[in-house]
Amino acid sequence: MDNNLSVEDLLKKEKKNSKKILMLSLVLLLLIVLAAIYSLFVGAARLEFSDLLRVVFQGERGMIYNIIWNIRLPAILTSLAAGMGLALAGAVMQSTLKNSLASPFTLGISHAAAFGAAFAIVVVEPENSTIFSFLDGVYLPALSAFLFSQLAVITVLTISARQQAGRETIVLAGIALSSLFTAGTTALEFFADDLELASVIYWTFGDPGRTNWNQFIVIVFVLLLTLFYFIYQGWNYGVLNSGDELAASLGVDSNRLRLIAMTVSSILTSVIISFVGVIGFIGLVTPHIIRKIAAGNQRQLFLNSALAGGLLLIIADNLARTLFRPIVLPVGVLTAFLGAPLFIYLIIKGRQF
Amino acid sequence: MFLEIKALNFSYTEENILKRINLNVQKGELITLIGPNGSGKSTLLKCINNYLQINQGKIKIKNKEISEYTQRELAQIIAYVPQAAEDISKLNVFETVLMGRKPHSSWKASREDKKITAKVIGEMGLESIAFKNLNELSGGQRQKVFIARAAAQKAELILLDEPTNNLDLKHQLEIFNLIRKEVKNGKTAIVTMHDLSLVSRFSDRIIMLKNGKVFSDGNQNSLSAAKINSVYGVEVSLKEHNGKKIIIPEKVV
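Those protein sequences? They're chains A and B, same order as listed. Counting from 1, position 278 in the first sequence corresponds to residue 274 in the working numbering; the numbering is continuous, with no gaps. Counting from 1, position 119 in the second sequence corresponds to residue 177 in the working numbering; the numbering is continuous, with no gaps.
So here's chain A without its partners, still in its complex pose:
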């Protein structure tokens, strides 16, 4: 390598490097658009390009309009937003907990949400209760899922705040929480009647197709706020990776940042899971994929993980709908099948965070 690089040469090279990573973001964005358009035409009902044109340009209303506007588009956009949110949360959790195995799924947050939903479906009966009567059948499980996932977050945070808590402790605590909540869900299922059982199971498997526009807007709102925050604070979070002492000496308050990061990212996760259901492994695996391609700095890692997560979930949802046509699998099942081997691969390779 050249040892006589001048200041200008170094700056030029640095610029070239950041451009490379910006290109990755643009490529991901382009792929998202392509995947989204492709997904519009894929599903139980066959759609032609001309159908789409008629709906968009001639204002045709009817079945095709319904399929596009009320079924496929919200599902695609929710996949995008949920995938982005889960991957962002995963990237944030991995870097703030300095743990390559951290993610909403492995920390037990997802299972807590599933238990919360099951609890609402089986135990709380809104029609008999005045307190919950304002919540219809969709929002009550979502609210309960949100509350229980926050409970899991607080537990994990409390454990990780302990002085002697090592990196493994947090993931082990997550595993313990996951089994606890899974056991709870199973117990509830045992006491549920057929209808309740069906809805608990339906709820447990994540499916972006179940959201409506209002829920989608809530997810997007929380996602954008969170994404903006982490991109704005990206440099500070990058400093955090170099250790607390160094961060402090650079004027960065790591404890405060870490608390905000865990709180914000877990709220984002809870909101997504509450509406979409449990979708595992996107949050865990995506940041690893991005780091493998081109890590860049923390800000770029956050942004590109989010974009890649969105893309992955759109593709996964697409596969789930078409792989066993006419049966439509919930995408949560598919990501679990794909994600688990990847998870084991990560453990074996012991990839640094």
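There could be a bad hint or two in this list.
Claimed, not checked - Here are the simulated SDA-like cross-link-like pairs (lysine to any residue), alpha carbons at most 25 Å apart as the crow flies:
| no. | chain 1 | residue 1 | chain 2 | residue 2 |
| --- | --- | --- | --- | --- |
| 1 | A | Lys94 | B | Phe189 |
| 2 | B | Lys173 | A | Ile343 |
| 3 | B | Lys148 | A | Ile343 |
| 4 | B | Lys148 | A | Phe339 |
| 5 | B | Lys177 | B | Gly276 |
| 6 | B | Lys190 | A | Leu20 |
| 7 | A | Lys9 | B | His162 |
| 8 | B | Lys166 | A | Tyr228 |
| 9 | A | Lys12 | B | Glu170 |
| 10 | A | Lys15 | A | Tyr225 |
| 11 | B | Lys190 | A | Ile289 |
| 12 | A | Lys15 | B | Lys173 |
| 13 | B | Lys64 | B | Gln84 |
| 14 | B | Lys148 | A | Leu338 |
Claimed, not checked - A few chain B residues that face chain A, going by a derived Cβ cut-off under 10 Å, partial list only:
| no. | residue |
| --- | --- |
| 15 | Asn107 |
| 16 | Glu153 |
| 17 | Leu156 |
| 18 | Gly158 |
| 19 | Arg169 |
| 20 | Gly180 |
| 21 | Gln211 |
| 22 | Leu231 |
If you're looking for bench data, these hints aren't it; they were derived computationally from the structure. These numbers come from a predicted model, not from an experiment. Even glycine gets a Cβ: it sits at the ideal position worked out from N, Cα and C.
Dock chain B against the given chain A, drawing on the hints supplied.
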């Protein structure tokens, strides 16, 4: 006085780790802190940059108590190179050195920040590895990068916690030359170290800590076999070479 430490006590639990430390540091001094493991060297550095809050006493820098500075203001005055840096970031050298500009910038690095970074990389002779990732570097190279990061911080005081640990001879010398260079440029440096011969060769002033107290404070002539014996519990012979002392450990007392 640039840095003033008065009657400093610090403890994690009940027993004080640092006991009534008094220290005055002038601008432009290169000071090494020596003493056995657990004598309080690293703790003292961490107190000076306010990472550990002292229990009693005062630390003043530029005539103002360090607790009166905001964390960011203090970061503009004091740079710190931690011991065996636990660095899990996958950043390249440029990004790592750029991090030193953090206390001077807002949410993102300016063009000026990048210029300073490139200049420091040049001055430290790191051009050829400027775009390598940290985890591809040897221990010695990495330590140089961390010192470059501290240099990019443009702080008046640099604290280095055992910067030459686990490094080969060449890198030890290179690291000390880099520190020397910074001091020549008007910086003040406080370095903790174990290699007494290297200490005697490079520092203006040597402060020996024993059980959390200042045991001796002076230039290299203040190092004596008796003092080293008392502090380290080791019998040594001192030899002179080019007016600098070489310390040869003989046996444990």
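* **Numbers of the earlier hints that this structure fails to satisfy, in rising order** => Violated: hints 2, 5 and 22.
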